[in-house]
Amino acid sequence: MTRRAKQSTIEESISQIEDGATVMIGGFGVPGTPFELIKELVRQGQRNLTVIKNDANEAGMGVDDLLVNGQVQRLIVTHIGLNPNAMHMMHEGGLQVEFLPQGILAERVRSGGAGLLGIVTDVGIGTEINEAKQIVDVGGVRGVIEPALRADFALIHAADADTFGNLRFAGTARNFNPLMAMAAGCTIVETERISALGTVAPEDVHLPGVFVDYIVELGDLSEAYDVVQR
Amino acid sequence: MSFSAKERMLRRVAADFEAGMVVNLGIGLPSQVIPYVPLEVAVCLHAENGIAGVGPVAKKGSENRSLIDSGGAYVTSIPGTSFFDSAVSFAIVRSGRLDLTLLGAFQVAANGDLANWRVPGKLSPGPGGAIELAQKSRRVGVVTTHLDRAGNPKIVDHCSLPITALGHVNRIYTDLAIIDVTRDGLQLVELAQGTEIEDVIAGTGAPLAIPPGRIPRF
Numbered sequence: 011m012t013r014r015a016k017q018s019t020i021e022e023s024i025s026q027i028e029d030g031a032t033v034m035i036g037g038f039g040v041p042g043t044p045f046e047l048i049k050e051l052v053r054q055g056q057r058n059l060t061v062i063k064n065d066a067n068e069a070g071m072g073v074d075d076l077l078v079n080g081q082v083q084r085l086i087v088t089h090i091g092l093n094p095n096a097m098h099m100m101h102e103g104g105l106q107v108e109f110l111p112q113g114i115l116a117e118r119v120r121s122g123g124a125g126l127l128g129i130v131t132d133v134g135i136g137t138e139i140n141e142a143k144q145i146v147d148v149g150g151v152r153g154v155i156e157p158a159l160r161a162d163f164a165l166i167h168a169a170d171a172d173t174f175g176n177l178r179f180a181g182t183a184r185n186f187n188p189l190m191a192m193a194a195g196c197t198i199v200e201t202e203r204i205s206a207l208g209t210v211a212p213e214d215v216h217l218p219g220v221f222v223d224y225i226v227e228l229g230d231l232s233e234a235y236d237v238v239q240r
Numbered sequence: 010m011s012f013s014a015k016e017r018m019l020r021r022v023a024a025d026f027e028a029g030m031v032v033n034l035g036i037g038l039p040s041q042v043i044p045y046v047p048l049e050v051a052v053c054l055h056a057e058n059g060i061a062g063v064g065p066v067a068k069k070g071s072e073n074r075s076l077i078d079s080g081g082a083y084v085t086s087i088p089g090t091s092f093f094d095s096a097v098s099f100a101i102v103r104s105g106r107l108d109l110t111l112l113g114a115f116q117v118a119a120n121g122d123l124a125n126w127r128v129p130g131k132l133s134p135g136p137g138g139a140i141e142l143a144q145k146s147r148r149v150g151v152v153t154t155h156l157d158r159a160g161n162p163k164i165v166d167h168c169s170l171p172i173t174a175l176g177h178v179n180r181i182y183t184d185l186a187i188i189d190v191t192r193d194g195l196q197l198v199e200l201a202q203g204t205e206i207e208d209v210i211a212g213t214g215a216p217l218a219i220p221p222g223r224i225p226r227f
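Chains S and Z supply the protein sequences, listed in that same order.
Taking my numbering, the leading residue of the first sequence gets 11, the next gets one more, and so forth.
Taking my numbering, the leading residue of the second sequence gets 10, the next gets one more, and so forth.
Everything labelled a hint here was simulated from the structure, so no lab data went into it.
Quick caveat: nothing in here was measured; it's all calculated off a predicted structure.
There's no promise every hint is true.
Unchecked claim - These stretches of chain Z come out as covered by chain S in the derived footprint (C-beta under 8 Å, 3 or more residues): (1) 81-93; (2) 173-179; (3) 190-200.
Here a beta-carbon is modelled for each residue, glycine too, at the ideal position from N, C-alpha and C.
Between the sequences and the hints, there should be enough to build the whole structure, so can you do that?
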């Protein structure tokens, strides 16, 4: 059996995404956010997207460009406090925002990638954020069911990849990336370098390439990835 | 809050750090405690975006674009630092490995309820990691100005805003006082220099027990 080459271009890989798709996007702040994949998604203009991401980046960067371009119908997120624009769009009613506790977003995505139906937790029990959730009793302790989350696509940023898609992340750029890469029907990775098999040592692989469908090489990073001057 | 009042408050918060603790510091005032932690008190700082062993803030010009703390500050690694994904990060939180979490507050109630993620119709930053941090840490401290910008008490009888976590706050540090949340309600622990007991009572929206004898100053 010959395996389809995973190396692709940004244009080709992002063109797989259709209107109405659910898209997970890695990153926590700037580190790990796949800015070039997002930029291409803005250029191609797919609409009515459900975006699942930790945060809404900041005004004028990353996911914010998708929001401003009117491509996002629903945002599943943990925190948008650094993006006044996202908070404004939420209050004006144009943008549906669903907040989750950060570790619960991580576990819902992780369980989606692990072939589970969801998790049970007592996080947020008795508070507004759990109002609509199904309550269960586990050995006398009350918890809620948090269903697994999966997506049609995951957009991932990795520091290094080999040609099979074995990934290594830098510093705090790991965050949601390996979890989301496991939880999508099609996982698209932008990476600073694609190298030959064996270049990423087996012990240093943070995400096995079995979860990766497309790899695009960025080369030198654009200014979008630079240190944010505040 | 004057500069010196803020400095005194942050120094007093830092005095509660003990060597060997694993500590998470929230965005805002809590993260400003670090410079006041004595060097001989070695704590492991956890940042929920995936660091245990957060190092000092990076010097201007030598920031690593892939290394921030959960508030977005460019930080450094130190000997012993580890990086991990968000599931591992919150496994640390939920399994009770955090000895102390310090958080900001919109409101904190006499029974230890905390509200800090949403002001309906006005401000919706979202909870981030605060729900799990407040609910699952062994000890939770709130670091806040005693009054909000409009001059209203942030320490109240019952929170009117959506709750982050029910009944988990242990201690409240403000520019005016240190207040403990006990089974019997709020108890004054220490007073800021230049602050009278009457000021604290007037600025607190819930009954405050005053212990007998001289109240320590910070």
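Apply the coverage criterion to the region 173-179 of chain Z and chain S: a residue qualifies when its Cβ sits closer than 8 Å to a Cβ of the chain, and three qualifying residues are needed. With 3 residues closer than 8 Å to chain S, the region 173-179 of chain Z meets the three-residue bar; holds.
Examine the region 81-93 of chain Z for residues whose CB is less than 8 Å from any CB of chain S, and state whether their number is three or more. holds (count 5)
Holds or violated: the region 190-200 of chain Z covered by chain S, criterion of 3 or more residues with Cβ-Cβ distance under 8 Å? Coverage by chain S is violated for the region 190-200 of chain Z (0 residues, Cβ < 8 Å).
Hint violations for this structure: number 3 only, all remaining hints satisfied.
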